[in-house]
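Novice: Sequence:
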Amino acid sequence: MAARLALALQDVAAVRSGQDGAAARSEPVAWAYALRDAIALAEPELIVAHHDPALEADALLTLIAAGDGDWVDRLLDAGPLAEGAPAASVVALVRTLAALPGFGGRVVATVTAPAVVADRLAPALAVHGYGGDGDRDELTDLIADALAGLVGAYAAAGAALGIVGGAEGAGPLQRAAAIAQLPLATVGDGVDLLPAAAWSGEEDALRTALSAAATADILLSDGPVPGDTPPALLRASATART
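Numbering follows the working numbering, with no gaps: position 157 of the sequence shown is 157.
Just to be clear, a hint being listed does not mean it is correct.
[As the list claims (entries may be wrong)] Ranges between beta-carbon positions, derived for each pair:
1. PRO80 <-> ARG207: 42 to 52 Å
2. ALA178 <-> GLY67: 27 to 37 Å
3. GLY201 <-> GLN181: 37 to 47 Å
4. ASP133 <-> ALA40: 46 to 56 Å
5. ASP20 <-> GLY131: 31 to 41 Å
6. ARG235 <-> GLY79: 41 to 51 Å
7. GLY129 <-> GLY102: 43 to 53 Å
8. VAL29 <-> GLY227: 32 to 42 Å
9. GLU45 <-> GLY131: 43 to 53 Å
Rather than coming from a laboratory, the hints here were simulated on the basis of the structure.
The C-beta atom is built at its ideal place from N, Cα and C for all residues, glycine as well.
Generate coordinates for the entire structure from the input sequences, incorporating the hints supplied.
Specialist: Here it is, written out as structure tokens:
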């Protein structure tokens, strides 16, 4: 059975609509409709709501900025990650996409790996006493707990699948997904990445890349599909696996 194809089409949507892809962070409803038109070209089985590796770190920075105490206290006292900007907008984006005709049961919410969020957040926490390597495990654990709440919010918004960028520290996310009855997959464990070279403009390259991942359950584009990908190649991705 061919892998289910999940494409991040935000750059395609930006080019075709003339909108800035950052609209996902500020105008999620309008952006959902821009994505809809790009999705209609490629017709992937799974609809990736967003690819934004800085999203969770930026939201956490917003939440801890108003806090007091050291970096641990600020993270423990932060409000729900799903309610902080810009994460709240992406939860709304998932909700809007899931409500569009034909999109129910197909929307994928991606979650940055806890360790990656920790690395992004660490420099900003130094002024609050974060000490680097000796504190990294605790930071990763605290971030994983915050991300678990975001997973639950995505499930409540109608996501059909969550994909985590890496397994390190992902235990709390997996438990939250189980409680929310949201299937959760991890890159490298059931999820393979479709390389950017697959969109070089040659259909043969695309077919070769798709064939190489024939044993994967899910084939996720490695980052956003380039915005200048020819429409014919996008359409070919829907049939190249058959």
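Novice: All hints, please: hold or fail.
Specialist: For each hint, the structure was consulted:
1. At about 44 Å, the CB distance of PRO80 to ARG207 agrees with the hint of 42 to 52 Å.
2. For the pair ALA178 and GLY67, the beta carbons lie near 30 Å from each other, so the given range of 27 to 37 Å is met.
3. For the pair GLY201 and GLN181, the beta carbons lie near 41 Å from each other, so the given range of 37 to 47 Å is met.
4. For ASP133 and ALA40, the hinted distance range of 46 to 56 Å is satisfied, since their beta carbons lie about 48 Å from each other.
5. Take ASP20 and GLY131: their Cβ atoms lie about 38 Å apart, and the range 31 to 41 Å holds.
6. ARG235 and GLY79 have their C-beta atoms about 43 Å apart, which keeps the hinted 41 to 51 Å range intact.
7. Checking the proposed 43 to 53 Å range against GLY129 and GLY102 shows it holds: the Cβ atoms sit about 50 Å from each other.
8. A C-beta distance of roughly 21 Å is found between VAL29 and GLY227, which places it outside the suggested range of 32 to 42 Å.
9. Restraint check, GLU45 to GLY131: a C-beta distance of roughly 45 Å satisfies the suggested window 43 to 53 Å.
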